Amino acid sequence: MTNVTMTINGRSVSGTVEGRTLLSTFIRETAGATGTHVGCDTAQCGACTVHVNGASVKSCNMFAMEADGADVTTIEGMANADGSLGTIQQAFQDHHGLQCGFCTPGMVMTAAALLKENPTPTEGEVREYLSGNLCRCTGYHNIVKAIMAASGQDVSSIAAE
Amino acid sequence: MSMGKPLPHDSAPMHVTGAARYIDDIPVPADCLHLAFGLSHVARGVISSMDLTAVRTAPGVVRVITAADLPGVNDISSAAHDEPLLAPGEVHYHGQPIFLVVATSHRLAREAAAKAEVVIDPKPAILTIDDAVAVRSYFEGGPLTWKRGDVDPAMAKADTIIEGKIEIGGQEHFYLEGQISLASPQDNGDMVLATSTQHPTEIQHKVAEALGTPFHAVRVETRRMGGGFGGKESQGNALAIACAVAAHLTGKPCKMRYDRDDDMIITGKRHDFRIAYKAGVDAKGKLVAVEFDQYVRCGWSQDLSLPVADRAMLHADNAYFIPNIRITSHRMKTNTCSATAFRGFGGPQGMVGIERVMDHMAHRLGMDPLEFRQANFYKKSKPQETPYGQPVKGFILPDLVRQLADTANYKTRRDAIRTWNEKSPILKKGIALTPVKFGISFTLTHLNQAGALVNVYADGSVTINHGGTEMGQGLFQKVAQVAAGEFGIDMGRVRITATDTGKVPNTSATAASSGSDLNGMAVKNAVDQIKDRIARFLAVDGVKPKDVLFADGKVTAGNTVLSFEEAAKMAHENRISLSATGFYATPDISWDRTIGKGHPFYYFAHGAAITEVVIDTLTGENKILRVDILHDVGQSLNPAVDVGQIEGGFVQGAGWLTTEELVWDDKGVLRTHAPSTYKIPACSDRPDVFNVALWNGENHVPTIYRSKAVGEPPLMLGISALMALSDAVGACGEAYPNLSAPATPERVYMAAKKVGAKR
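Residue numbers (the numbering used here), protein chains in the order written: chain A, 1 to 161; chain B, 162 to 920.
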């Protein structure tokens with residue numbers, strides 16, 4: 001058992017973990033931030049995506065120990081300082097980029113990483129970047145649309161409706 | 162007014178911030194225990210010895226439960242009582258739960274379960290449809306046949322006859338949130354469960370049976386699921402019962418969630434089918450006779466297989482009038498996981514069968530497949546009867562299909578594709594339009610009922626509750642819009658509450674696309690009662706109750722204008738009840754499944770899709786290039802929610818028929834038990850061009866605001882993807898492609914090779 005400390009959404013969180021404790025487990029159980037969802041347990045569905053030192057990471061595929069001392073942002077840390085929805089969050093809501101919502105936190109976190117790297121992606125680039133995040137409900141159309149809108153691009157020409 | 166507006170999903174603000182609670186996010190007491198099943202490692206056999214010593218002594222283990230330790234009935238089935246929670250001596254599929262570990266954490270429970278020494282004497286397993294047919298392993302003793310007219314003489318007189326068969330694979334639900342349940346023991350022997358289920362009432366009943374208590378001692382609550390798709394209609398029973406039994410035996414709260422691999426191995430999937438067909442047309446290209454043999458792989462227990470197979474038979478006509486038809490359904494019992502409900506509930510498989518016939522016959526006749534389909538549609542003007550004797554009323558497909566074909570330039574594009582293919586030796590394009598006519602109602606007539614509870618509080622705030630469950634489809638949002646619209650108040654005043662067997666009892670599963678139809682009406686019924694009471698109270702000085710208006714946040718009775726809040730407060734102070742239960746039972750339905758005749762559906766939902774694809778004939782790789790959809794939701798309760806269902810339904814249906822392949826090996830082991838090997842559509846698979854439009858029209862029967870059900874029908878729009886791939890393969894030569902589903906790159910490659918070789 002090892003003590004680890006990391007900053008999660010600006011708050012310092014410490015805990016005792018086993019070598020094999022996953023970052024997703026630490027976030028959910030030690031930090032109590034349950035917006036990070038575990039979907040497939042094997043780093044394929046992307047529902048558990050968080051940012052570690054600014055990089056997008058599937059938190060079920062990283063040990064908590066590896067994140068010792070790191071700065072972690074989860075979906076709970078994505079709202080604006082005044083508590084209002086961030087641009088990407090607002091766009092997912094406005095453009096119906098969600099149904100059951102289970103994949104949504106991971107989608108938002110991946111979208112944020114994309115827009116940081118590439119502030120005005122093409123539709124094709126969005127689709128490619130999201131290939132590690134599965135959604136079973138929406139057919140992805142409105143998710144792509146939401147991300148395009150969040151990047152400040154005109155989405156009126158993106159069909160459907 | 163809130164009705165018909167494209168408002169966001171009620172939970173959207175919570176979903177985008179991670180605040181929406183799923184079962185695994187509910188805070189639990191520190192002494193909460195966690196469960197895992199020990200699973201059978203053979204497909205069929207007798208347990209000759211079971212040494213659980215190492216399990217019992219493993220770290221964190223509190224208790225190990227076997228069939229002999231269960232306090233009540235050992236059964237998790239929906240109806241047939243043929244599905245034990247824990248195998249009592251014989252095992253019937255690879256992955257069947259044998260014992261239950263109760264431990265202090267999810268991981269410790271799973272680790273301990275792996276330490277069991279279980280010896281199973283294997284027996285010959287019946288794995289495939291062929292295996293089952295060979296030994297006549299049938300449910301209900303043998304096949305079921307429904308017919309109309311006289312097939313054999315009609316076939317004998319037919320001008321052109323085709324024969325063939327298609328294999329249609331199953332489908333894993335892959336709800337993003339896996340199966341999960343949490344049980345908390347109460348005083349007086351009561352049990353409260355939070356469960357990810359489409360059917361809280363069935364969980365209540367099965368838990369009560371397992372604990373030996375009346376139904377009233379069990380309460381089940383479901384706020385939301387992270388996806389259901391039919392996979393949480395009966396497949397959550399095992400976890401809920403396990404939790405309740407363990408909580409009962411230990412006195413502690415118990416939680417169970419399947420690891421994804423376990424989830425895919427243990428739970429049932431969409432039924433895979435083999436459909437053999439023979440069809441005849443007259444000289445004018447009209448269908449005169451069709452014969453289907455539908456072989457259904459049901460798995461080891463009955464579960465919902467009989468109604469699933471019935472619905473496949475009920476959709477063997479899809480949109481076409483077939484004067485002489487014989488449908489024989491073979492419900493095969495096999496040593497595989499028990500196939501279960503999945504969006505469409507057998508309808509999609511039945512529809513693939515007839516669409517395959519239409520495609521094959523058009524190819525034989527050298528006709529455009531769309532023209533052949535149109536020529537055989539049910540008549541719009543004079544309702545014709547389905548094979549089961551229901552008149553096809555409100556049939557809009559001839560107009561809908563014409564409009565879609567026009568706006569999406571079907572004919573021009575088909576010609577352009579033909580020209581393109583002539584110049585392209587390696588890549589081949591294909592295009593197809595397929596229609597959907599889907600029957601709305603549960604075929605088990607008594608399920609077509611719903612209850613609701615509406616409370617208006619003295620401050621004018623409102624809660625609504627009904628038997629429907631929210632799995633992402635936007636049911637709660639739609640029904641809240643109904644309530645807000647009827648009260649004439651804004652959405653902010655209406656609080657949607659978790660489905661709860663203690664609030665609305667004896668509910669049906671949220672299934673058969675019936676959620677909004679049934680629960681919207683039940684909530685409206687409750688709202689109407691409260692409004693009527695308020696209206697009678699305010700109707701004084703010659704004002705009639707029916708003239709009291711509820712609109713724009715106000716209640717107006719003659720010259721008296723009150724805010725809704727004031728009206729509620731005043732009514733309460735004058736001892737007027739502001740709480741009502743609502744009820745709805747679908748009218749005009751009747752059905753006799755033994756003879757296959759009746760009026761099982763209240764109405765039909767329609768839609769059509771055109772899909773264009775390209776294949777690489779050297780590798781079988783393929784891509785959907787463009788999709789155009791026109792779909793009928795009647796008068797939409799929420800167009801944004803409905804369009805979302807259509808887009809998601811199409812992609813899920815296309816996934817089923819193209820990339821999603823379940824593979825069992827010759828030992829009955831599912832080899833595709835994770836997303837690494839089982840490929841659901843990813844974002845990059847989404848069609849480049851995806852045009853979705855709603856048909857402009859209202860339901861011809863008086864459903865809630867003349868809307869139509871939308872959950873399942875759009876899934877079958879995905880059939881156009883399979884037919885487009887078949888069209889592309891057909892461009893490789895003269896022969897009919899005989900493409901089976903899922904049309905994976907391997908199948909497309911093999912089919913293209915075969916068609917090309919016969920040139």
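Since the hints were derived computationally from the structure, they do not count as laboratory data. Be aware that one or more of the hints could be misleading.
[Stated by the list, open to error] One-sided and incomplete, this derived list gives chain B residues near chain A with beta-carbon spacing under 7 Å:
hint	residue
1	A173
2	A181
3	G719
4	R832
5	T838
6	A843
Note that the structure is predicted; figures quoted are calculated from it, not measured. Glycine is no exception: its CB is placed at the ideal position from the N, C-alpha and C atoms.
Tested hints:
Hint on B/A173 holds. Least Cβ distance to chain A is approximately 4 Å, under the 7 Å limit. A cut of 7 Å between beta carbons decides the hint on B/A181: the least distance to chain A is about 5 Å, and the hint holds. With a least beta-carbon distance of about 41 Å to chain A, the hint placing B/G719 at the interface is violated under the 7 Å criterion. Because the beta carbon of B/R832 sits about 15 Å from the nearest beta carbon in chain A, more than 7 Å, this interface hint is broken.
Interface hint status for B/T838: violated, as the beta-carbon distance to the closest one in chain A is roughly 10 Å, over 7 Å. The restraint placing B/A843 at the interface with chain A holds, with a minimum CB-CB distance near 5 Å, inside the 7 Å limit.
In terms of the numbered hints stated before, the structure departs from hints 3, 4 and 5, listed from lowest to highest.
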